[in-house]
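Student: Sequence:
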Amino acid sequence: MKIIEITENKKQYLDLLLLADEQETMIDRYLYKGKMYVLDDNGIKCECVVTDEGNGVLEIKNIATVPEYQGKGYAKALIDFIVERYGKQYAILQVGTGDSPLTIPFYEKCGFIRSHSVPHFFTDNYDHPIYEDGVQLVDMIYLRRRL
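Take the sequence shown: its letters are residues 1 to 147, numbered as in the UniProt record's numbering.
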């Protein structure tokens with residue numbers, strides 16, 4: 001298993017990026033200003049994009065695992081890599097996600113705790129309703145982990 005930084009042609013991973021953020025125009029807001037990593041384990045299994053948000057905060061903007069490989073520890077391995085790689089440069093790693101029983105428990109298992117929310121983020125910023133596990137996402141929930 002190896003983790004590779006992607007510096008060119010990041011859109012080649014668009015199908016994977018769209019698993020975590022289903023509107024391409026939203027991905028375009030952060031993809032090229034962020035650092036992108038892919039986890040290769042006999043093929044690409046997972047990707048992650050992080051951005052510098054200032055004031056010592058690094059944010060996971062997108063993290064997704066190929067569906068048939070979900071639940072096998074690839075996303076956690078990528079988060080562990082980000083923590084190790086950036087732990088001395090940043091004070092906080094944060095992630096924003098929908099209030100979903102599919103994602104919140106995963107981040108909590110990775111050491112994140114709820115921080116704050118942005119009301120109506122999904123309804124105000126996406127051109128269509130976003131559903132996860134049958135529930136419409138409305139507010140963005142931020143979770144943080146000290147580095």
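Any given hint could turn out to be false.
Listed next, the in silico SDA-like pairs over lysine to any residue satisfying Cα-Cα at most 20 angstroms (straight line) [claimed, not checked]:
1) Lys76 with Leu16
2) Lys10 with Asp41
3) Lys33 with Met1
4) Lys109 with His128
5) Lys72 with Cys110
Derived Cβ-Cβ restraints for the label pairs, each shown as a range [stated by the list, open to error]:
6) Gly54 with Tyr131: 16 to 22 angstroms
7) Pro119 with Tyr32: 35 to 41 angstroms
8) Ile113 with Glu5: 36 to 42 angstroms
9) Gln136 with Gly73: 27 to 33 angstroms
10) Asn9 with Arg29: 14 to 20 angstroms
11) Arg85 with Ile113: 18 to 24 angstroms
12) Met1 with Thr25: 30 to 36 angstroms
13) Gln12 with Asp99: 28 to 34 angstroms
14) Ala91 with Glu24: 16 to 22 angstroms
15) Phe81 with Val57: 16 to 22 angstroms
16) Thr7 with Pro129: 33 to 39 angstroms
17) Asp124 with Lys2: 21 to 27 angstroms
18) Thr25 with Gly111: 19 to 25 angstroms
19) Arg146 with Gln12: 20 to 26 angstroms
Treat the hints as calculated values from the structure; they're not laboratory data. Beta carbons: idealized from backbone N, C-alpha and C, even for Gly.
Student: Would you mind marking each hint as holding or not holding in the structure?
Tutor: Now the hints, each set against the structure:
no.: 1; hint: Lys76 with Leu16; verdict: 16 angstroms, holds
no.: 2; hint: Lys10 with Asp41; verdict: 19 angstroms, holds
no.: 3; hint: Lys33 with Met1; verdict: 26 angstroms, violated
no.: 4; hint: Lys109 with His128; verdict: 30 angstroms, violated
no.: 5; hint: Lys72 with Cys110; verdict: 14 angstroms, holds
no.: 6; hint: Gly54 with Tyr131: 16 to 22 angstroms; verdict: 32 angstroms, violated
no.: 7; hint: Pro119 with Tyr32: 35 to 41 angstroms; verdict: 28 angstroms, violated
no.: 8; hint: Ile113 with Glu5: 36 to 42 angstroms; verdict: 28 angstroms, violated
no.: 9; hint: Gln136 with Gly73: 27 to 33 angstroms; verdict: 29 angstroms, holds
no.: 10; hint: Asn9 with Arg29: 14 to 20 angstroms; verdict: 18 angstroms, holds
no.: 11; hint: Arg85 with Ile113: 18 to 24 angstroms; verdict: 21 angstroms, holds
no.: 12; hint: Met1 with Thr25: 30 to 36 angstroms; verdict: 32 angstroms, holds
no.: 13; hint: Gln12 with Asp99: 28 to 34 angstroms; verdict: 31 angstroms, holds
no.: 14; hint: Ala91 with Glu24: 16 to 22 angstroms; verdict: 32 angstroms, violated
no.: 15; hint: Phe81 with Val57: 16 to 22 angstroms; verdict: 18 angstroms, holds
no.: 16; hint: Thr7 with Pro129: 33 to 39 angstroms; verdict: 34 angstroms, holds
no.: 17; hint: Asp124 with Lys2: 21 to 27 angstroms; verdict: 39 angstroms, violated
no.: 18; hint: Thr25 with Gly111: 19 to 25 angstroms; verdict: 31 angstroms, violated
no.: 19; hint: Arg146 with Gln12: 20 to 26 angstroms; verdict: 34 angstroms, violated
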